[in-house]
Each structure stands twice: as structure tokens, then as C-alpha cells.
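Engineer: Residues per chain, in single letters:
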Amino acid sequence: MATDLRISNISKIYPGCIANDNVSLQFKSGKIYALLGENGAGKSTLVKILSGVVSPDNGEVFLNEKNLKLSSPLDAKKNKIGMVFQHFNLFETLSVFENLSIDATENNKSLRVRINEILKKYNFSIDLDVPVLNLSAGQKQKVEIIRCLLRSPKVLIMDEPTSVLTEQETEELFISLKKFCDEGILIIYITHKLKEVLSLCDEVAVMRKGKVVSVSQTQNERVETLANKMVGQKLAKIKKKINISKNKDEIFKVKHLNFYSDDPFETNLVNLNFSVKKGECLGIAGISGNGQNELFQILSGEIITPDTSIIFRNKEIAKLNPKQRREYFMAFSPEDRISQAAVPELKIYENVALNNFKSSNFFEKGLVNEKKIKEHSKKILSDFSVNTDNVELKSQFLSGGNLQKLILGRELITAPELLICYNPTWGLDVGAINYIHETLIKINDQEKSTILISTDTEELLKLSDRIAVIYKGKLSKIMPSEEVTPEKLGVLMGGGSID
Amino acid sequence: MIKIEKRNDVPMALYFFTPFIAIVLTILGGGIIFYILGFNPIEALKFYFITPISNLYGFSELLLKATPLCLIAIGLSFCFKSNNWNIGAEGQLTFGAIVGGGVALLFYNQEGFYILPLVIIAGAIGGMFFAIIPAILKTYFNTNEILVSLMLVYVSKLLLDYLVVGPWSNPEGFNFPETRQFSDSSRMPLLFEGLRIHAGIFLALGAVMLSWFILYKTYLGFQIKVSGLSLKTAKYAGFKGKTMILVVFMISGACAGLAGVGEITGPIGQLHRMISPDYGFTAIIVAFLGRLNPFGIIFASLVVALTYLGAETAQIFLQIPKYTGQVFQGMILFFLLASDYLLFFKVKILNLKKNELRH
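Those sequence lines, one after another, are chains C and U. The first sequence begins at 1 in the working numbering and counts up one residue at a time. The second sequence begins at 1 in the working numbering and counts up one residue at a time.
Just chain U, same shape as in the assembly (with noise of 0.2 Å):
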């Protein structure tokens, strides 16, 4: 017979070590995979987790792909670290996005200092206000956050194709699905000649500095972390739980809006219908993956990033799809949940024999 006990003492370095464990599980499963379907593992890996960044043109891009995981994920942990199961960030990075490009599209025949910081700021605005629905929804009817905040990518999605094909497409753009290019005042500032890396890996180095000292500094911190071990004893203490829960998802819907905006004022430069590879989504996976702390969650997303660089160098080189990354991502959520199973549950195989002859 099995039987399944919980550890008593699990030991803090082992915790945050177990994340390297499922990477290079992953990393052996992806192997795996690739010998299945006949290709030289060693060779199909390098080509997914090494070529990509072997120059400096890809590591650039690697930073570029990291800036909006990063930038979720941060946003992301001050939910789940209190509770609050916000699914839907790839809606709030969507609409942060529809409302910061909005403000770009206003000025895109302008030029200004000013144009960028008013494009950003409206950006997290939207972004919050997305966040907010499925938070008021949860305080005060009692609804599902994960439904609610996950139905609402969908709303902002179709928002934005309604939008891109319909008032906001460029008079001169011979009817495809997009907007204007927004004027060179509302793109991010390069922080390269030639490369794509721009200005919003700042705000991401600056959400992780922020959110730092709000979780572990601050009576707000202190009030996200009791609720999120025992919410018995948060209403024992007597904190705010509905303002707490209002302000954890506008934190977490201004951050997926600034990753919206910075992608495209960033890479992008016009509003589209395809502006996120599901940056929120795969968010999810960086917030675990980097154990929901701020510097984890830096080089969790740099981790989750390579995927995503990996899948398209494989798509080049070895002619098999890019949705490959979304198997790599999969496999490593899987493989941090198993080992996290394991870290704080011990299994017990029981001998049976020896059980029957005590009666």
C-alpha cells in the first residue's frame, strides 16, 4: 500500500533549489522528445537553448522577451502570494495596451517629450482597470476571480480585433488589421544601435526593486503575507480583507498594462492583433517558477524567455514548429509542480506483511 504524508520540516534552500531540478528535467525530457522525432537530442538542444543567445543580437533579444514576463510575473506574485487567483493578465496586458496605444494614435502626428510618459501612464490606468472587475466582482458578489478574470481575456482580445479592423485601422493601410505607426515621441528610447532592447527593461528592473520593498518592507507586504498563509488569522487580526484584494489586482493589472505598452511603443510600434505571444499567460509559469519572489522571478523569466527564442531558431534550423516552446514551458510547470509534490510530501510504500501479522 502507498501512503502519502506530509513533511514536517522542509528546508528553505531546498525550496528554492528545486526550480534548477525541474529545469534540467525539462531540459532531459526535451531531449527526449526531440530523439522521438528523429533528430540528434544533443544537436536539436543546443540549437533550442544555446544558439539563440550565442551573439549579442540574441541575447538582446532574450532581455526583450524576459521584460514583460518579468514585468507580469511581479505583478502576478502579489495576487497569488495573497490568495487571489488572478488568471487573466494576458486580458489586463491586452486592454492596458488598447488604452495606452489609444493615447499613441492621438499624438501619432506629434512629436513631445511628454507623448511617451502619458502613452505609459495610460497604459497601467487601463491595465488596472481591467484588473479591477474581476476584484470588485470577488469582493462584493462573491464571484470566481480565476472565471471572471480569465473570461475577460477574451472580451479585451475581441475588443482589439473590433478596434484594429474597425475605427482605429490606418485609412492608409490598404485594409489590413492594424493601426497606424505611432510617432518616434510614443516608442520606447533604444538602448542599443541595432538592437531591439529598449527602455522598458527599466521598468521591469524597477517593478522588482518596488515590489521588493512593498512585500517585505511595508504594512501592505506584511498583510498579503498573513493572507496568504491563513486568511483565519487575517480576519482575526482585523486587516481590510476587500481593500487588500481590490489593491493586489490593481498592482497586478497595472503591471501586465505596462508590459502591454512596452511592447508596443517597444518592438512593435502600432497596435495589432497579434501584440502578446500569450505573455500573460506564460506569466504564470515565471511567477511560480521564480517562487514568487521578486529576484526569482528575474531570472525565472530569462529561463521562460529562451524558451520562447529556443522554439524559433528550432523552427528555423530544424524545421519543426515553434510550438515547441509552449511544450518546453508545459514541461517545466510540470516538472516544478512534481517536485514540489515531493519536496512537501513524503510517499510511503507500506509493507503490507508486516502490517497483517500485528493484528
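The following block holds chain C by itself, in its conformation from the complex (with noise of 0.2 Å):
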């Protein structure tokens, strides 16, 4: 029988954004949906809303025009909506097969003996007595899968799935998926990769800041041609002024930075190499979770990862850690206001008291100078206009904006010649993000330089002097930003190449 899904005029707004604005969209048996978009464009939650996990606050949900009332992911499961998440939900150290028993309404005979034809007729080779963790990231997915095949389901709906795969799983999950579609499974594909798209999917629906800005097939479409519509067009023209010239001197040399890690939810960074000038700005662009965070922390010194090279003003920091890289001048602003940057359980000036330099005198002989803190924090709240001047104030009264200013201006105040920061806009408001673009301007007028990671493509047109896009953890050349397009930009986020 044939599945019919239609999504009508779904919203859903979270305090301060509007996660999905009236979506409405319909899929049919028999062809393989892709749902594309760039970080925070709504994909997510529009596929909680279809499992179950999210109610909408607006719109219906019809499968095979009966109104679904999806109020639990159990609700999406009665009504054979099977979901298979980008993070496993396994129990490692029990058997793949205690796993796939835990919800199962039969008794463990039958269920061994369908578990074993699924395998037969996919053709998948996995030991059912195993324990999960040994399994690869592959297998794990499959197991996840045959979880929804058992309750043989109308729709099955796959989230970011090879984020995790390699190259041959993927291909391995391409043949399923495929075969899944023949058998009548309606599927949908959601993704950030444009390749994936083109090689898999009939048909594509595009999203952008909550709304389907485009919906065609396939066959029409060029990797060219979707980046546009992922990323938009409607740029800012505010730029700033190009600060490149080619006889400055080069301020931070990175060489031969690698990264290897065990943990399938990292991402492995393959020789980068790279430098920042004076008074410079380098962009480096990229879709979440592509090596950005482990990248960050390295910069930063919170990872040390040997045989690497960084050189600072002419000194070699590669294995000092974050403390000792201030007294160097450098600052940092990670992505993570609430559980990194800051302590929203702190008062201000402990904060402030955070990015602890030698000349700071904030510790003297061991002893807190609390004088000391509160007159330069006091001084940071001036300056960078919080919208405070108690420092005794609990951080967690601060908004996302004015605590993200007391960020930047800890960091800035001591006049650092680098700055690195990883989405210094994520989550504020246009007045908010406004003010954060001008103070990242003024330090490069200053001759500072910053290296600005973000996932946010419209904030690093505006602001990079260069931008290189970093992917699957290896970085592309580095590109002058006059040079650069949306749609450039788009290609190479997605896994694509230019020229």
C-alpha cells in the first residue's frame, strides 16, 4: 500500500526564534526525500515533530490523511514512523540482540527468527550475541535500523546518518536505503551534505531559517545550485574594509596540526596549516561538527596534540595550556557561553576573574584581590555596554547578549593581539550580534587579529579578510574573502569542490 505524508503548516517558536514557520510538505511512497539546510534552519526540530519528541505549537501532521496526534516518540512508532537519530540510543554493554529484545512486544524465538530474516534479506553481517561497543559505528546504525524494520514501518526518517560512516558504509547504507524505498518505505533523508543529496534523493526540500525556501527534483539541481539556495543570497553589503596587504608580518603560524581521537562523535583533523596577520581577520567556515570544536580547544590550548607547530609573535606555544597562551596575549571566546566561557552560578567578577593574566594582579601571593577584580570588571561593564554596572549580580541574570559582552570584554580588555572566537553570535538578537560584529571590526582596525570559526556564512562575508571552509576536519585553501561567493562557500561546506 502506498504511504502518503503531509506536513501542514507547521511553527513551532522556541523563546527568541522561530525554529519552523509554517512548514508545509508532502512526501510519497516510493522515492527518497531529502530535507536539506544549514545548522539551525529548522530540520531538526521538524523531525522531532514528526517523532514524536516535540509537540508543534501550530499545524497537523496527515499519514495517508488520517490527522497523526504525535504527543510521544511512542504515538510515532504506533503509527510506524520509525526514526533513526545521528547519536545511537544503545545500551553498550548489553548484546545487540538484548538490545533489539528490550522493546519488543514478542517473545525472544520469534523475534530472533525475523531479526535473522531481516539480516538475510538486507544482506547485513551483524553478530547478534555480540556486545554493542564492539561494533563499529556501521554496524551500530544498522542495529538501529533493524530496530525500526522490525515494526515494519510506513515512513522511516534518518538523521544526518553518515556524519558517523565511512565512505564505504556509506555506500553500504546508500544500497539499503535504496532497497527500503523499493519495498514501499517512504524515507526521508535529512542532511547537510550536497553530494548525498544528488546521489541519493528523488526529490529535495530546502530549508532555511524555519521556512521550506524551495522544493524540487533532484535531477534538476546542481551542487551549484543548492548551496544557493541552502545559504541564501541576502547578504549584508555592510563590510568592512579589506585590511589584507601582503607585507605584513605574519603573527600565528599554525603547521602540521593533526588530531586523532577514539571517540566516533569527534572529529579527526588532518594536517592544517595555516597563519593569521597582522591586523587580520581569517574566516573558517563550515557546518557544524566538522572539526570546528576540537580545532577550537586546540588553538586554545585546552588539547595538546603533539608535533604540532604553532608560533605566536615568534614563540613556539604549541604545549602551553590556556593560561599560559594569555600571557602571550591571546584571547579566547568559546562557542559555549553557559558551561564553558562562563559559570552562570559565578557573580560577575568571579568571572571576569576567569581569564586570569600576570599583569592582572587579580591573585596576589595565592589571596583573592577582590578590589582589584571588581574595579576591572566594573570597567569591562562600562565599556562594553552591559547592561549592568552591579558585578555582584549572578551571571545567570545576564542575557545571552550582554553575558556574551562580558565575554568578549574580559577577553578584549587587555588588548590581546589575537583573538580567537568560535560563533561569538550564536543564539543573540540583531541588536546584539550588531554590536559583537562593530567590536570585531574595531580590533582589527586596531591592527589585533582574530581568527573567527563560525558556522554563520552571512557573518563571515562580513567579516573575514580570508576565509578557508574546514570539512570532514581538513581545511581547504584559504581564499581571499573578496573572492569568495555564497554559493562558493555553500560547495565547499558540503563536501564539494571548486575549480
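Be careful, since some hints might not be right.
Unchecked claim - Computed cross-link-like contacts, DSSO-like style, restricted to lysine-lysine with a CA-CA straight-line distance of at most 27 Å:
id : chain 1 : residue 1 : chain 2 : residue 2
1  : U       : Lys3      : C       : Lys347
2  : C       : Lys66     : C       : Lys154
3  : U       : Lys3      : C       : Lys69
4  : U       : Lys242    : C       : Lys323
5  : C       : Lys358    : U       : Lys225
6  : C       : Lys69     : C       : Lys31
Source of the hints: derived by calculation from the structure; they are not laboratory data.
Need the complex rebuilt from these two chains, each delivered in its own frame; the hints are there to steer you.
Structural biologist: Here it is as C-alpha cells:
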């Protein structure tokens, strides 16, 4: 029987952001559908609504013209909607069979027979009696897929399924997905990888800022056209004047940056080499999860990698921790404001003391110099127009924008030679974003350098002098930003290549 | 349907007030238990909580029992505040007592003002050494400090057992499992004639002052605070995480070692098998009841010490086992955790019908 899934006028509003804005889409079995978009485009929210994890504020979902009530993941299962998340929900120490039997309704014997049938039919080779922790990421994903198949689903939703897979495993996955599709399962494939869309899917819906901006047949699309739709054209033209000049000194130079991790959810970095000139802003673009986190931590000194060379102002600093790097006038603004850059439970002045550099005298002979820290904090609050002058206030009472101003203020008031920031305007309102952009431009005007790691292409094109793209832990060549178009960026961010 | 939600804004005043609620609930719970056992609950509770401290001797006993609890809990607060779960204070106490007791036994037939300070320092070093084992294993070999510190408790208890029946047993002791009596020079001076309360209480009070100073006025205290709230932030700020783990364990072990030495040079006066009625474990409750705050811990140690005394009087007057003390200690912890949970989370009962209507 053919399946017909219809989403009608779905809206979901979170405080401060519209995740889904009146989204309507229609899917029919026999085809593989792609849902494409940047981070924060609203893909995940839509999928969470379909799988019952989140309830929409407005709108309805119809399966074969039946209005579905999806108020819990169980409702989605009952209605034959299967979902494979990017992060697996498996018990590592239990065997494959035990994992599959947890939510099964039949006895173990008949369950085993059915699992073996599925294994045979789709040519999966998995030993049912080994613990899940012995499996590769691809095999774990197969276990999740089998879990869905056991319930004979009508709809199968895959959320960024290839982010943890090898090339080989990706190919195998595609073959299986095509098979499922031929058997009449409706497949919705969520991704930001353009090539995968073209090689696997029949139809593609592109989302941007909560809205569906286009629905088209993939045969009519190319990597470039999709990239354009994904990133969008409406870019702010208030660009700063380009600072780059050939004869400026290189202030920061990274050579042979390699990082290898056993954790499948961390990204390995492969031989990154780049340098930053005095007064320059180097932008690093990319969809999140392509190694930005790891790169930031290595640049800040939270992770020390062997054999990497980082030269800053003619000194080798690759072995120094963040505190020592600060002594050489580096400053860092991490992506995670609430649990890394600042501690919400601490008072404002205590958060200021986290950037403790030698000349600060915050701590003299091991004792806290509260007076000094408070004076310094007051200066930050007024210089960076944070909307309070009470340094005793707990930071949790600051809005995101004000907290970010405080963090940037804390990092910048020491007049560092290099600021490394990662998604500095993530989740902020327009006013705060503008303020922070102006601040970052001002730093470059004062002949100080910045490295801006960001997933926001608009921001990168506005602020950077040169831009590189990070994809799967590899850095593209570094391009002067006047040669960069949103289209080019989109292609590189989706794993394509240009020229 | 029931939904649990985190509260955004918890008033500090209420945070320090909940321990009192927990104590009141414990007393009520105790009354109910006594009633079920067939006692008059009011009378039983009076035996438990009032009789023991109704005279000067009883009050001195209260301070005597609160001293080691307070000392250990102060040390533990350094560990717990920085997210290090040292569960083995009982072992550190025992090992401190072994090392301190060893020094005291060396001087068993000598007198001198210098002996007691030597014994005390040896006890602190012993406790410190025993605490640094789980710390080193944690920092360099990634072991779990809860398991290691807990298992080491039994190592030190068995070592003490071996020493008092074997090499250190009293040659004139008719094979009782105990050592010689320490000389008077290794004993804590008594504060009042006829009462057992001794100078060890000043060690506890000193530790309270010093810990307040370290926790709130020094860079080390600041690092401990930040690490306890967010390890990610501590790493970002560039704190030396490994050194800090070693330091807090050493402080904690030294405090437990001092408590052990206080017991053997105070009321006991020799080494034998039963030098501590699980002070090291009970101090964990004290630390949390006192909100890991040095002055809160003074108060908490007095309350918990009272459960020890009450259990003894209840045994004498009501003929119920003294293990009821542990029941009370357990209830305090239970009610404290429960009221904390309700303090930080709110329980919402959702009206299902209304929910259905919306669809």
C-alpha cells in the first residue's frame, strides 16, 4: 500500500527564535526525500515533531489522510514512523539481541527468527550475541535500522546518518536505503551534504531560517544551485574594508596540526596549516561537527597535540596551556557561553577573574584581590555596554547578548594581539549581533588579529579578510574574501570542490 | 502525567534553610518509628535528643563526638566542592591513627612537651599519604576515586587489626588485641577536670577558620569553586587540574588523619580495633548537611554527634540497639536529599484532558 505523509502549516516557536515557520511538505512512498539546510535551519525541529519528541505550536501531520496525534515517541512508533537519530540510543554493554529485545512485544524465539530474516534479506552481517560496544559505527547504525524494521515502518527518517560513517559504510547504507524505498517505505533523509542529496535522493526540500525555501527534483539541481538555496543570497553589504596587505607580518602560524580521537563523535583533524597576519581576520567556515570544536580547543591549549607547531609572535606555544597562552596576549571566546566561557552560578566579577593573566594582579601571592577584580569588572561593564553595573550580580541573570558582551569584554580588555572566537553571535538577537560585529571589526582596525570560527556564512563574509572552509577535519585552501561567494562557500561546506 | 522541571531561580536563603527542614522531618520520622516499636514517641525522643545533653558531662560528650566529625567533614568539603568524591575518610582516619599511634608507641616510656606535636603531625601525614593514593591513581591512571578510596578503608582497617594483634600488641596485655597505653606526654590535654573533652576541639575550630580562608579568600579556593561548578570552564581557564586534585585529597586526608590522632590521643589512649564508630563515613552526611560551608559544618557535626549520643542513651533506657543512631543518620541524609530535590526541581502534574483538547 502506498504511503502518503503530509505536513500542514507546522509552526514551532522557541523563546527568541522561530524554529519552524508555517512549514508544509508532502511525501509519497517510492521516493527518497532529502531535507537540506544549514545548522539552525529548522530541520531537526521538524524531525522531532514527526517523531513525537516535540509538539508543534500549530499545524498538523497527516499519514494517509489520517490526522496523527504525536505527543510522544511512542505515538510515532504506533503510527509506523521509524527514526534513526544521529547519536545512537543503544546500551553499549548489552548484546545486539538484548538491545533489540528491550522494546519488543513478542517472545525471544520468534524475535530472533524475524531478526535473522531481516539480516538475510538486506545482507547485513552482524553477530547478534556480541556486546554493542564491539561494533563499528556503521554496524551500530544497522542495529538501529533493524530496530525500526522490526516494526515494519511506513516512514523511515534518517537524521544526518553519514556523519559517523566511513565512505564504505556510507555506500552500503545507500544501497540498503534504496532497497527499503523499492519495498514501499517512505524515506526522509536529513542532511547538509550536497553530494549525498544528488546521489541518493529523488526530491529535495531546502530549509532556511525555519522556512521551506524550495522543493525540487534532484535531477534538475546541481551542487552549486543547491548550495545557493541552502546558504541564501541576501547578504548584508556593510562589509568592512579589507585590511589585507601583502607585506604585513605573520603573527600566528600553525603547522602540521593533526588530531586523532577514538571517540566516534569527535572529528579527526588532518594536517591543518595556516597563518594569520597582523590586523587580519581569518574566517573558518563549515557546518558544525566538521572539526571546529577540536580546532578551537587545540588553538586555545585545552587539547595539546604532539608534533604540532604553533608559532605566535615568534615563539613556539604549542605545548602551553590556555593560561600560559594568555600571557602571550592571546584571548579566547568559546562557543559555549553558559558552561564553558562563563559559569552562570558565579557572580560577574568572579567570571571576570577567570581570565587571570600575570599583569592583572587578581591573585597576589595566592590570595584573592577582590577590590582589583571588581574595579576591573566595572570597567568591562561600562566599556562594553553590558546593561548592568552590579558586579555582584550572578551571571545567570544576564541575557545571552549581555553575557557575550561580558565575555568578549573580559577577553578584549587586556588588548590581546590575537582573539580566537567560535560562533560569537550564536543565538543572539540582532542588536547584540551588530554590537559584537562592530567590536570585532574595531579590533582589526587597531591592528590586532582575529580568527573567527563560525557556522554563520553571512557573518564570515561580513567580517573576514580571508576565508577557509573546514570539512570532515580538513581545511580548504584559504581564499581572499572578495573572491568568495556564498555559492562557493556552500559547495565547500557540503563537501564539494571548486575550480 | 507527571513532569519534573528544573527551577530556574533557587533562593540562597532557602538553600541554607532546607537542612533544618530535613532535621525536623527526621525527628518526626523517628517518632513514628518509635511509635511502631511500641514506645511512647515523645518520651523516646526526649531520651534520644534531650537527656544526653541535659548535664555538663553530656555536653562535653557531644563536643567530643562532634570534634572528629567536624574535622573530617571540613576536609571532605574541599574534595566535594571540586567534584572529587573521596569516600574513604574512614580509611584515612585509620591510617592517620596508625602512623600517629606508631610514633606515640615509640615514646611510650618517655615524657616531653615535644611528643604530642610529633604524634599529631605524624597522624596528619599518615592521613595525607593514604588520601594521595586514590588521587594519584585518578589523575594518572584514570581510576574512579570513589571505588579506590572506599576499598582502601578495608586495607587500613585490616592493617590496624594485624598490628594490634601482632607486632604492636601489648607484651603485658594478656593477648588482648590492643597496644600499650600511650604515655601522658602523647595525650591531648583535657580542658576540664572530670570531663573527656580535650584540646583536639581547637584543631577542629582551627580547621574551620583555615578552610573558610582558603575556600573564600585564595586562588586555590577560587579554582576549587570553578572546578566544582564546571570542569569545562576550569579547563578553559587553564587551571592545573591534576595538581588541584592532589591538593584537595591531601587536605582531606590530613584532616581525617588529625581526627584519627585526636581519638587515640584523646579519649582512647592506645590503639585497638575499634578506634572509630565509622566517623569517616558519617562525616559525609555532616559535610552535606552543613552545605559544604565551614560554619554550616560546625552546626551539622553537633546535630549528627547527638544521634550517636542519643543512640547510647536509648540503648540504656529503652533497651533498643544503638544502631538506631545509624537509622537516624540515614534519615537525615534521606530527607536532606529529598528536600534538595524538591528545592531544585518542581513537580508538575499535567492535566491530560486539556492536553488532548489542544490536538
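Engineer: Confirm or reject each hint.
Structural biologist: Evaluation of the provided hints:
{"no.": "1", "hint": "U/Lys3 with C/Lys347", "verdict": "31 Å, violated"}
{"no.": "2", "hint": "C/Lys66 with C/Lys154", "verdict": "14 Å, holds"}
{"no.": "3", "hint": "U/Lys3 with C/Lys69", "verdict": "20 Å, holds"}
{"no.": "4", "hint": "U/Lys242 with C/Lys323", "verdict": "15 Å, holds"}
{"no.": "5", "hint": "C/Lys358 with U/Lys225", "verdict": "21 Å, holds"}
{"no.": "6", "hint": "C/Lys69 with C/Lys31", "verdict": "25 Å, holds"}
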